[in-house]
Every structure is written in structure tokens, then in C-alpha cells.
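Build the full structure now, drawing on both the sequences and the hints.
Mind the numbering: the sequence shown is residues 418 to 706 in my numbering, read in order.
Since the hints were made in silico from the structure, they are not lab data.
Be careful, since some hints might not be right.
To be verified - If you anchor each label on the Cβ, the simulated ranges turn out as follows: (1) Ala519 <-> Trp568: 34 to 42 Å; (2) Lys596 <-> Leu564: 31 to 39 Å; (3) Asp566 <-> Glu533: 47 to 55 Å; (4) Arg601 <-> Gly496: 42 to 50 Å; (5) Gln595 <-> Val444: 20 to 28 Å; (6) Leu564 <-> Leu508: 25 to 33 Å.
Ideal placement from N, C-alpha and C gives every residue a C-beta, glycine not left out.
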Amino acid sequence: MREIIFLMSGFSAMLPVFFTMLLVFLVIYVVLRWRGLKEEDPDPQVGIKAAINFFQFILVVCALLGFSLIFTALFAKIGKSGGKDLWKWGLGMLWGSAVLFAGFEAYYRIFTNQAEYSEVRRSFMGLTLVVMGLIATFSFLLFWMGLFDKWTGLSFNFPFGLWLIFVPATGGGMILFQKMFFPRPALPAGYPPPAGGMPPGAGGGYDQPGAPYQAVPQPVAQQAPAPQQPAYEQPSYQPPNYQQPGLPPAPSGYPGGGTPAPQAPGLPGPGGPPGLPPPGGGYGGGYGQ
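Next up, the structure:
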């Protein structure tokens with residue numbers, strides 16, 4: 418009898434919440450319609466998709482409430498207090514919500530254009546996360562109030578089961594929401610991320626969606642080669658000795674140790690050493706050979 422009274426009081430308390438959520442649904446639907454009128458290619462299935470997502474939103478909350486009732490019954494059994502049979506209600510609520518959610522999701526994926534237009538799902542999924550966060554926040558506060566005030570029975574176990582389910586569910590839903598609608602841009606294959614400390618966008622294409630990685634070549638400073646000096650200007654240069662072994666030294670008129678001095682045109686060149694033919698061309702060609 419006590420459980421029936423608790424159930425009726427729970428439904429009566431949830432009626433204002435359902436009416437409020439219905440009003441929120443109408444507001445979101447009107448906003449989606451209004452935004453579609455401004456687009457060149459509006460979504461033709463906004464109505465059916467909004468209704469399905471609204472039903473799924475209610476089913477998600479009911480499934481989490483079913484989990485909370487199961488944990489509440491477990492805590493009541495451990496503490497030997499009332500509410501031990503709540504797990505049956507929680508299991509029925511969880512199973513029914515899961516079956517209906519799966520049916521709506523199958524219809525949504527097969528018969529709607531959800532792959533091309535994701536604005537409706539994003540809006541109602543955000544609404545679901547907001548409601549889940551509110552329930553998690555209030556139940557967490559009630560749990561600590563009951564803990565310090567030493568509440569017992571269902572008044573303490575039910576808030577405990579609520580925040581124990583809704584807090585991690587809200588965190589997981591936020592992570593899933595980010596991955597579905599705001600994913601991080603993937604880096605190009607074969608290029609590891611830059612070292613720590615480099616700001617986004619400074620690594621030649623990192624953290625830029627759709628921009629291919631382009632390595633920027635760094636200029637290499639090259640030292641200009643030193644000009645080579647001619648051999649005759651180097652300090653260690655020695656003039657060649659054209660004196661052949663076994664022959665007397667060249668005449669004094671041959672500067673540079675064997676290089677014949679230039680002769681005036683039309684005059685015979687100086688005579689060479691005894692036993693050799695006279696040099697040709699006026700420059701003593703025999704000595705430099």
C-alpha cells in the first residue's frame with residue numbers, strides 16, 4: 418500500500434514536469450522551423466524528427482530513473498528499511514524504456530534524413546543533457562542534506578540512487594555529444610603532432626580542419642667559397658727551373674733561370690749551349706721543352 422501511495426505521489430509530482438517539457442518541445446520546434454526558413458535548403462522532416470527525439474528524451478530519463486529505483490531497492494535491502502520491492506518497478510521501467518527507445522531509433526535511422534540534417538538531434542540531445550544535469554545536481558544536494566541531517570529510509574536512499582546514476586550518465590552524455598557534433602580535427606596521416614609548447618596552428622597545418630600538412634623548408638646558410646689565388650701569387654710559389662740536367666747554366670740574358678728574353682723582330686736569337694740547335698722563334702724553345 419505504501420508503494421502505491423509513493424507511486425501516485427511521484428506521478429502527481431511529475432505532471433508539472435511533463436507539461437513544462439511539452440512547452441519546451443514546442444519552443445524548440447518553433448525555433449527549428451524559423452531557422453529552416455532562413456536556409457536555402459531547409460530540412461523537410463523537422464516535425465517527425467522533433468517528435469521522435471522528444472519521445473527518446475523522455476525514455477532516456479525514464480530509463481535512468483529505473484536504474485535509480487533498482488539501486489534504491491538495493492540500498493533499502495542493505496539498510497533493512499522500506500522500499501525493498503522498488504527494484505521490480507525500476508526493472509520494468511528500464512526494460513520498457515529500452516525497448517521503446519530502440520524502436521524509435523530504428524525508425525529514425527531508416528526512414529528519416531538524419532545523416533544529412535543533424536540539427537534536430539543536436540538540439541534535443543542538448544535538452545536531454547540539461548535535464549539530466551539538473552536531476553543529478555538536485556539529487557546530489559539532497560543526498561548531502563540527508564547525510565548531515567541523518568535521514569533514513571526512502572528519503573535518503575532515493576536521492577542517493579538518483580545521483581549515483583545521473584551524475585556519471587550526464588558526464589558520459591557530454592562526452593558523446595562532443596564526439597558526435599564537435600569532433601576534434603584529425604591530423605594528417607604520417608605526421609606526428611608537434612612537440613609540447615607549440616601553439617595551435619603554428620606547426621604548419623596542425624589543428625586546422627581540411628588543411629593538408631605542408632612542411633616549410635628552412636633555409637640553410639651556405640658559406641661562399643673563397644676565391645682561389647693564381648699559383649704565381651701564392652707565397653710558396655717557386656718558378657720552374659728549365660735547366661736540363663747535364664747542361665751548363667743558361668746565358669745571363671735568360672731571366673727566370675732558362676726563360677729566354679724576347680728578341681727584336683728580324684734579329685736572330687741568341688745561340689744555345691754547345692751541341693744543341695739554336696732556339697727557334699727567338700725565345701729558345703729548346704730550353705723549355
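Is 20 to 28 Å respected by the C-beta to C-beta distance linking Gln595 and Val444? This hint holds: roughly 24 Å between Cβ atoms.
Are Leu564 and Leu508 spaced within 25 to 33 Å by their CB atoms? Given about 27 Å between the Cβ atoms, the range holds.
Starting from the hint 47 to 55 Å, judge whether the C-beta atoms of Asp566 and Glu533 obey it. holds, 53 Å
Does the beta carbon distance between Lys596 and Leu564 stay inside 31 to 39 Å, or does it fall outside? holds, 35 Å
Determine whether the Cβ-Cβ distance between Arg601 and Gly496 falls within the hinted range of 42 to 50 Å. Given a distance of about 45 Å, which is inside 42 to 50 Å, the answer is holds.
Range first: 34 to 42 Å. Now tell me if the beta carbons of Ala519 and Trp568 are that far apart. holds, 37 Å
Of the numbered hints listed earlier, not one is contradicted by the structure.
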